[in-house]
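Counting from 1, position 341 in the sequence shown corresponds to residue 341 in this note's numbering; the numbering is continuous, with no gaps.
I should point out that these hints are in silico values taken from the structure, not numbers from a laboratory.
Treat the hints with care, since some could be wrong.
With beta-carbon atoms standing in for the labels, derived distance ranges [what the hints assert, rightly or not]: (1) Ala231 - Pro105: 24 to 30 Å; (2) Ser264 - Arg300: 33 to 39 Å; (3) Gln79 - Gln169: 24 to 30 Å; (4) Met342 - Thr207: 16 to 22 Å; (5) His57 - Ser312: 50 to 56 Å; (6) Gln144 - Glu328: 27 to 33 Å; (7) Asp234 - Thr207: 20 to 26 Å; (8) Leu317 - Lys291: 42 to 48 Å; (9) Arg297 - Gln169: 16 to 22 Å; (10) Arg300 - Arg176: 24 to 30 Å; (11) Pro153 - Arg84: 39 to 45 Å.
The C-beta atom is built at its ideal place from N, Cα and C for all residues, glycine as well.
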Amino acid sequence: MIRLEEGVLCLRLAPQRRAEVRVLVTGGAGYIGSHMILALEERGYEVIVLDNLRSGHLDAVLAGKLVIGDVNDGRILQQIFSSRSVSAVLHFAGRIQVQESLARPDLYYTDNVEGTLTLLNAMARHRVGVLVLSSSAAVYGAPQESFINEGHPLHPLSPYGHSKSMAEQMTQDWGRAFDLRYSILRYFNAAGADPLARIGERHEPETHLIPNALRAAQQGSVLNLYGSDYATPDGTCIRDYIHVQDLVDGHLRALEYLLGGGDSNIVNLGGGKGTSNRMVIRTVEQVTGRKVAVSTRPRRPGDPAALVADISKAQALLDWCPQRSTIETIIADAWRWEQERMVALPITLLESSVNNL
1 MIRLEEGVLC LRLAPQRRAE VRVLVTGGAG YIGSHMILAL EERGYEVIVL DNLRSGHLDA
61 VLAGKLVIGD VNDGRILQQI FSSRSVSAVL HFAGRIQVQE SLARPDLYYT DNVEGTLTLL
121 NAMARHRVGV LVLSSSAAVY GAPQESFINE GHPLHPLSPY GHSKSMAEQM TQDWGRAFDL
181 RYSILRYFNA AGADPLARIG ERHEPETHLI PNALRAAQQG SVLNLYGSDY ATPDGTCIRD
241 YIHVQDLVDG HLRALEYLLG GGDSNIVNLG GGKGTSNRMV IRTVEQVTGR KVAVSTRPRR
301 PGDPAALVAD ISKAQALLDW CPQRSTIETI IADAWRWEQE RMVALPITLL ESSVNNL
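Please model the entire structure based on the sequences and the hints provided.
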């Protein structure tokens, strides 16, 4: 049985501000990228956002200069790097759905692998020497330990995980060959929303548990719960949830560590504590005051029983510690965003209808 662990307590040490630094954020109209560009602007960075808006949202880009285009398009990268002096890149662009990757691996190797290759080649040509790479705990596969550290063997269970592992390997190879310093950040389960409810999580289709549970509570619909026979305390999957704001803070610290001359590194970013699917559902009910109807379904392929991060390296190297990653805070912030989003939705739909007349 895999037991749930208490969270890690630590103090926050604010990183130093870096002025007059231009940063390219790929996938900046997406969930994590849109939160990132807000944080970068607040720190005084000049931000260029590259997004094809396939899964991102134009109205989520609340900072920076947006270039609409694909990271797979070397011509657009050439234009960006040639016309502007870019100091660093934060690479979020790519596909993220495990189940989709099983059915359409071609999409994942094209966007996550070829896209990263195109970006790395453009950076090498233009001597952009700092990269923060968005990776995933999916590279680990089934855990061999209760807490996963960065030295855990890599055995991805899906094309999505394999594509992230390949992107990591390419980054390390380019680092050795082309004087590139990088930080590879392996996310666990990003969740939550901006505390001011300006932006939040809205994937289409939405496959993540917390937003789907909140929508089930809000709309009175049925939530599908995949797997109830895992070797865990309540039979459901255990995941390590990290608030998107804590995730962004980890990126900011990694960026500033590299800009300050720090060495390349690979770091886990998680909450450091496991939460089961049933615990998530109970917390959603407590936060919203509404019952969530659940339909139990068979396990999904590619889903390990538990993924919980050992975050000690991030704490030591980056002076980073999750501040908002209790499951209660994550769900409360996400719920505030869902309510704001539903209030704004009729206006958005009306504007869309007018524009299409």
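Here is what the structure says about each hint:
At roughly 28 Å, the beta carbons of Ala231 and Pro105 sit within the given window of 24 to 30 Å. Roughly 34 Å separates the CB atoms of Ser264 and Arg300, a value that falls within the hinted 33 to 39 Å. For Gln79 and Gln169, the hinted distance range of 24 to 30 Å is satisfied, since their beta carbons lie about 28 Å from each other. Met342 and Thr207 have their C-beta atoms about 20 Å apart, which keeps the hinted 16 to 22 Å range intact.
Here the CB-CB span from His57 to Ser312 is close to 35 Å, at odds with the stated 50 to 56 Å. One distance hint, 27 to 33 Å for the beta-carbon pair Gln144 and Glu328, holds here, with the actual separation near 30 Å. Checked against the hint of 20 to 26 Å, the pair Asp234 and Thr207 passes, with Cβ atoms roughly 21 Å apart. Separation of Leu317 from Lys291 is about 43 Å and conforms to the stated range, judged on CB atoms against 42 to 48 Å.
Distance hint check for Arg297 and Gln169: the Cβ-Cβ separation is about 34 Å, which falls outside the suggested range of 16 to 22 Å. Judged by the Cβ atoms, the range 24 to 30 Å given for Arg300 and Arg176 is violated: they are separated by roughly 37 Å. Between Pro153 and Arg84, the C-beta spacing of about 40 Å keeps the proposed range 39 to 45 Å intact.
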